[in-house]
Amino acid sequence: MALPNLLRLIYRNIRVNTDPGSLIILVGLPAMYLVFFGFGFQSLAGGAGSGSYIDYLTPGIMSFQAVMAGTVGGSMLWADRRYGMLAQLLVGPFTRLQYLLGIMFTSVLFALGGAAVMMGMALVLVQVPAISAVAVLVMFAVITLGAIFFGSLMLLIAALVKSNNAYNSVQILVIFVVNFASTVFYPISSSLPAALRYLFLINPLTYIANAVRGAFTGTLTASDGIQLAVLAAETVVVLFLATRAYLRSDVTLE
Amino acid sequence: MSDSETVIQAEQIRHAYTPGRYALNGLSFSVRRGEVFGLLGRNGAGKSTLIKVMTTLLRPSEGSLRVLGLNPARDGRRIRSRIGVVQQGESFDFTTVEGNLDIYGVLWGLPADERIRRRNELIARFGLDDLRRRRSFDLSGGQKRRVQVAREFMHDMEILFLDEPTVGLDVIMRRTLLDSIRAEVRRGLTVVFTTHNLEEADYLCDRIAVVDQGRLLALETLENLKRLYGGRKTIDLTVSGTEGEAFYRSLRTRLGEDSTVTVSGRSAVILASDPKGALAVILALAQERGVGLDWLNVRQNTLEDVFLKSVGHEGESIGSA
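Heads up: the sequence lines are chains A and B, in that order. Position 135 of the first sequence, counting from 1, maps to 135 under this note's numbering, and the rest follow consecutively. Position 267 of the second sequence, counting from 1, maps to 267 under this note's numbering, and the rest follow consecutively.
Source of the hints: derived by calculation from the structure; they are not laboratory data. Each hint should be verified, as a subset may be incorrect.
[To be verified] Here are the in silico distance ranges between beta carbons for each label pair:
# : chain 1 : residue 1 : chain 2 : residue 2 : range
1 : A       : F36       : B       : R175      : 53 to 61 Å
2 : A       : S191      : B       : R133      : 52 to 60 Å
3 : A       : I25       : B       : E121      : 49 to 57 Å
4 : B       : G69       : A       : K162      : 14 to 22 Å
5 : A       : L173      : B       : G141      : 31 to 39 Å
Every residue gets a Cβ at the ideal spot worked out from N, C-alpha and C, and that includes glycine.
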């Protein structure tokens, strides 16, 4: 029996985007952050009396997978427009919406897969605290929401940008700013300049990292719930904008 | 459905990318089941836009279009599930040749055993055996084109749209492709085919539409197109010296309406209903103006002459749709 259209598209996206190069970006880079930063900054974090830094970093890096998967999603649309596959798929038995959903679901799967690998690595590398099944479900639900947010954001950029250089530049900038102006690697400190602290506070990755960390350590708070509600609202807005831009965009880049 | 059934019916199709500037400007035609329908035209004539409209990638700004009896605006997906398209630009997934064909088979819902059978058969038919494990983006232009065309045969279809499929192919592979298409047509496939190559159109097409500036200038069977010009012959002429432009201007005036003079630099192609008379005029004018004749040849008309004649008169239809 033939698979439904959406599953065929997801199969194609996974098969095309799991070459060694893509996997290094998707999993290898966060894994290196976890290992090098986790062990490298341990002495600094330990000196500050905050316990194991890798315990702090692991949920952050799991959250970071939402960003990485989002960039892969944006790159899928970008590459398909640039190399003709979007037009080819859209003269096939698929709708534009199915194509968009195919990318979105693939991004979520990549995010969850990457997060699972990071959690597994942390379990192997260090003695992480026991995590309940409910906590894992909460973490994965938050990462799913995050992957949809960043997937939508990168799809929006991929739909609007016209040149390869521009797309790559914007993507690198987004990854850098979102990653390092968040609580993935360090908490918001009172010593941060006000502008930088504000950037941390409006960064959706901060909300994701805080919630995942809360579930990871069993310290979820009402504040995390509010942040997730804000993230959900932002996701709806960005998803709407991305869908609109994508539906209006040219299917090819001439 | 009978063999003489109309599978594409276009009435006054217009499409504007920007308001008021029509890439397609009032095209009306029909395509019958089982025929090879050629779209001939120079760059920017509107051929690719027309293909995009017929394959539901673009919605016409005006006019009525039915593909396989369906309305593209409402039934796009149903139409697309019954057609195949080889686009002008390249389209590949970042994987091997074999992988591209295989993924395409999955996308079209082929069962695994059928997918593998077709993939292997197409790899053999299109001479891709040595390339099957190469990544598509490492291939030459001609090799990519072969893969792209082969890939489209992974699935069944009723109409195949080919937008300049032979660009970059060598002579042997071009003939292989054209013969493959012919074989599929014998099995009932309808083909809509755009090309710059007039020999290909001559070899493959049952009917040819000449398109220019978004308009249909001619639509006839190959035989009828040639018959339209049957009483004419073609004179190829190249002059020497600096007076060429003035010479051709005078020649046009003297030959009058019965002949067509298409000039390119120092050379011209002249379609003449009275070739002997035209030759006499050419020789007399050359002597009168002191212009040397580097090349003078009289021959039967070809499809290329028909094409030159039709696009040489902007907006003037020479056939019936």
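Now for the hints, and whether the structure bears them out:
Between F36/A and R175/B the CB atoms are about 59 Å apart, so this pair conforms to the stated range of 53 to 61 Å. In this structure the hint that S191/A and R133/B lie 52 to 60 Å apart at CB holds, the actual value being about 56 Å. For the pair I25/A and E121/B, the supplied restraint of 49 to 57 Å is violated, since their beta-carbon distance comes to about 36 Å. At about 38 Å, the beta-carbon gap between G69/B and K162/A misses the expected band of 14 to 22 Å.
The beta-carbon spacing between L173/A and G141/B, approximately 34 Å, falls within the hinted interval of 31 to 39 Å.
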